[in-house]
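These protein sequence lines are chains A and B, in that order. Reminder that position 61 of the first sequence reads as 61 in my numbering, one-by-one numbering, no gaps. Heads up, my numbering is the position in the second sequence plus 111, with the first residue counted as 1.
Honestly, the hints are just simulated from the structure, not real lab data. Treat the hints with care, since some could be wrong.
[Unchecked claim] In silico lysine to aspartate or glutamate, EDC-like type, Cα no more than 20 Å apart, as pairs:
#1 182/B - 155/B
#2 98/A - 179/B
#3 98/A - 167/B
#4 98/A - 194/B
#5 98/A - 118/B
#6 58/A - 163/B
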Amino acid sequence: AQSVTQLDSHVSVSEGTPVLLRCNYSSSYSPSLFWYVQHPNKGLQLLLKYTSAATLVKGINGFEAEFKKGETSFHLTKPSAHMSDAAEYFCVVKGYQKVTFGTGTKLQVIP
Amino acid sequence: DTGVSQDPRHKITKRGQNVTFRCDPISEHNRLYWYRQTLGQGPEFLTYFQNEAQLEKSRLLSDRFSAERPKGSFSTLEIQRTEQGDSAMYLCASSLGTSGFPDNEQFFGPGTRLTVL
Numbered sequence: 001a002q003s004v005t006q007l008d009s010h011v012s013v014s015e016g017t018p019v020l021l022r023c024n025y026s027s028s029y030s031p032s033l034f035w036y037v038q039h040p041n042k043g044l045q046l047l048l049k050y051t052s053a054a055t056l057v058k059g060i061n062g063f064e065a066e067f068k069k070g071e072t073s074f075h076l077t078k079p080s081a082h083m084s085d086a087a088e089y090f091c092v093v094k095g096y097q098k099v100t101f102g103t104g105t106k107l108q109v110i111p
Numbered sequence: 112d113t114g115v116s117q118d119p120r121h122k123i124t125k126r127g128q129n130v131t132f133r134c135d136p137i138s139e140h141n142r143l144y145w146y147r148q149t150l151g152q153g154p155e156f157l158t159y160f161q162n163e164a165q166l167e168k169s170r171l172l173s174d175r176f177s178a179e180r181p182k183g184s185f186s187t188l189e190i191q192r193t194e195q196g197d198s199a200m201y202l203c204a205s206s207l208g209t210s211g212f213p214d215n216e217q218f219f220g221p222g223t224r225l226t227v228l
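Excised from the complex, chain B in its bound form (with noise of 0.2 Å):
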């Protein structure tokens, strides 16, 4: 499967814990967003990549939150201090752009469910 793919598909948590999410994206695709989508709601966006450059953060993306792209390629969103207003899915999406506006077609994985307890 060449799609975008993201691990764990479903995690269970502790309220206070911290967690740890991956994704790899679409293998040629230079651009990766972190979006987060919560029951009836549309997805909200969390935070985008540049190949390695984090070059926008939602308001949303409190002081707990950090995501990493070392190498331009998979990313990792991790939450610290797990609360359980932070329950719902992580969406990730790659897409491939060139500098400027506008960007090309975003093709999503199929989200980790994150519950907390």
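So that you can see chain A by itself, here it is in the shape it has in the complex (with noise of 0.2 Å):
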């Protein structure tokens, strides 16, 4: 079995202040996991992906992610929001033949 669950469908944070949107996945392999990112009528980005390599990954836009198997979390954070980070990402897990996003979270950055 494989899923994913972003915790939020929403966040909302101040222009300059840290970022963190939460995911935890669970897989029957020893997964990949991907953040995405969708901007307003554009298609889907890849921000940063863990394929069982580094557990601190970075990424475009000082984007980053931990992945921490013991609590099955794949958490995004940055350390200060753009306004250009308004958007909506998505956390995606990847298994044996079987890709499952998750439902989404709006990131709304606040001038």
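Take the two lone chains, each set in its own frame, and fit them into one complex as the hints suggest.
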């Protein structure tokens, strides 16, 4: 069985403050984990991925995520939010020939 | 543009009609995925090709849906006898993968938005 849960459907932060988007997963296999971002009317873009190498993964635009096997979590963080970060973010787990997206977290950045 | 392209970008059809969508992946990518995304939801996996072989199909892919990738390059997704519940964004993605697991990054196309009246 494979599933992914994004714990918050909406997150609102002030510009310049930290961002935390939470993701828990379950998988029967050693999964690959991804975070994608979707800006309005634009295609999905990969932010970062974990594929059993370093547990702290750095991505584009200052985002990073830490794979915690014991907690089955893969939370996305950024030290300081920028207005351009406002978008929808998807946590994705990939097992053997199966890809599961979370339901998404909409990030609002308040000026 | 050397990214993933999809055609058409928008399709409006009447219930009961058949529709076909096309996806052109990045040329050297051997893997191709189809997803469906409804409003407020994440993409749902539909099916996956490695070269011309269709290796995985979701139970979401009813018998009204069929996908092909005849030469291991572009792919088509056909929906027969469309229903209003088929209204969604249909996304295609491609990646370059070696045999086994894990996969590399999937590059997504802009999607085809289907509206069934």
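Each hint tested on the structure:
no., hint, result
1, 182/B - 155/B, "25 Å, violated"
2, 98/A - 179/B, "18 Å, holds"
3, 98/A - 167/B, "8 Å, holds"
4, 98/A - 194/B, "26 Å, violated"
5, 98/A - 118/B, "25 Å, violated"
6, 58/A - 163/B, "34 Å, violated"
Checked against the numbered hints above, the structure breaks hints 1, 4, 5, 6 and satisfies the rest.
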